[in-house]
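**Q** Chain by chain, the residues:
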Amino acid sequence: MSMTLAEKILARASGRKRVRPGDIVTCQVDLAMMHDSSGPRRLAPMLEELGVDVWDPGKAVIITDHFVGESDTDSVQIQALTRNWATQRPLRGYHEAQGICHVVLPERGHLRPGMFVVGGDSHSTTGGAFGCFMTGLGATDMAGVLATGSTWMRVPETLRVRVDGVLGPGVAAKDVMLFLCHEIGINGAGYMAAEYTGSGVTAMAMDERMVLSNMAVEIGAKCGIVAADDTTLNWLAGVGVEVNDSDDWQSDPDATVAREITIDAAGLMPQVAAPHSPENSAPVDTHTGTAIDQAYIGACTGAKLDDLRMVARIVEGQQVAEGVRFFVAPASVRIAEEAEREGTLESLRAAGATILPSACGACIGLGPARLGAGEVGISSSSRNFQGRMGDPSSQTYLSSPYTVAASALAGCIADPRGYL
Amino acid sequence: MSAPGRAWVYGDDINTDLLAPAAYLKGSMEDLASHCLEDLDANFAATVREGDVFVAGANLGIGSSREQAPQALHILGIRTILAKSFGRIFYRNALNLGIPTLVCPQADRVRSGDRLRIDASAGVVHNLNTGEDLSCEPLPDHLLEMVGDGGLIPHLKKKLSGS
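Chains as they are written, first to last, in this note's numbering: chain A, 214 to 633; chain B, 322 to 484.
Rather than coming from a laboratory, the hints here were simulated on the basis of the structure.
Be careful, since some hints might not be right.
[To be verified] Short, incomplete list of chain A residues facing chain B, as computed with Cβ under 7 Å:
id : residue
1  : 259
2  : 352
3  : 379
4  : 404
5  : 599
By construction, the Cβ of each residue, glycine as well, lies at the ideal position given by its N, Cα and C atoms.
All chains, please: the whole structure from these sequences, using the hints.
**A** Pasting the structure below:
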């Protein structure tokens, strides 16, 4: 009776001995995460209509990140509504303006292996890096969760992504994911669970594994799981989460998967995704020399501490090219503090970076790093759909933090391996 | 069985940023809806009518979890959504709003302006212009029931009140 990790978690959450792909099960939710855009401003009227409140405030967390740093009246009112609603309950956690929800959630010790977690945002798959089944839901679905404590899931087939070997210098998890987006397409893992394994994943620190899980949604996956190992447990212990049952939350060796893809980490080149889709990715040399107006380090995908360190390795002692705007929005306040303490932020500032608030920012078309008409940007975020990061006529390329940093120095898309 | 609706046909990879541009997420739903798909088809929001059918290729609604994407279509009058495949969150969102949303592998046989009569429970799309019947993947029973109730909130309301 072997099962994949995703199946084991859904079996446990639905109170069954085992589940099979295609089964439709009702799962008890261990934790519900919301943010200020899809959270109380949309949910509260629905709960009022139902005449119920949060089924278990001890299992709900709100983290504001979308309209943080915005000063217009609508944003201020949304923030106030969210704050009041969250603090009246009170919930397990309310983290205001502390960074992007997908990074703050594990940072504040809310995740542990084996949990079934839903989040009101598509990049909720990020939580899978901690051995959780975590998936994104829309606002009405979340209202249903808050009202009942449960939701339905179709048990997904599993896509196993095996990363063999170790990534070369200047190559990062982001390159793995852009390569995968191209290999299987923007919805190539539609409705499936992506599970990342192999020596290349084992070698990755948590910040890098979070990129794999984060971008699982860019291949259409329901979740993107990395089974817990010592790296996971050490990281969690650092945020006060002790785990004793991680052996229970591993795929069985003989579990059936629908598809397996192997990526040769050592042979992987830095990747760049051209406008307007993450699946338009190709080795960096396809685009080297393309002039840029802006380089952006930000979002839940590409502004964690290791991402900022990658940037510092490239730009240390250098200056950003004349005429290029270089923005860095650390993914959380804690990350910004740590990067400040160790001198990483100072290196970035010295190279010409402007440090922005820890919020979703330009990745959702907000804040000062939006692109103007006809402008070209390169970004460490995960989505470059037309108009997402600014004017509909702007062009966004996606890459790793290394490649964004090298491009900022060069003034055009550049291979970071020449800058290490 | 629905009354016949006019088809609006688009291609693959229609994402949530096109359907619900982020610049308008903070304002009213009506304002957001008036910008639905404007970067792809500037005439869509102004000319779509009550009862129309939205037809797309592969991967409709990929991207964000923002429920405003299907909600904008609904506000503009779209009453059924067909696509070869969906982004999974969009699919759930549309059904939660009570919009019959069907996986239709032959969606590319429909032309813009065709009049379609749709039987969501049987999973059949009848094209009144061509006489052709297209079959869709049937909705699971629990989703058919939810859509029949008008979406997740009315469905839960019924269940919570025990009726």
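**Q** If a hint holds in the structure, say so; if it does not, say that too.
**A** Each hint, compared with the structure:
no.: 1; hint: 259; verdict: holds, 5 Å
no.: 2; hint: 352; verdict: holds, 5 Å
no.: 3; hint: 379; verdict: violated, 32 Å
no.: 4; hint: 404; verdict: holds, 5 Å
no.: 5; hint: 599; verdict: holds, 6 Å
Figure legend: structure checked against the earlier numbered hints; the only hint not met is number 3.
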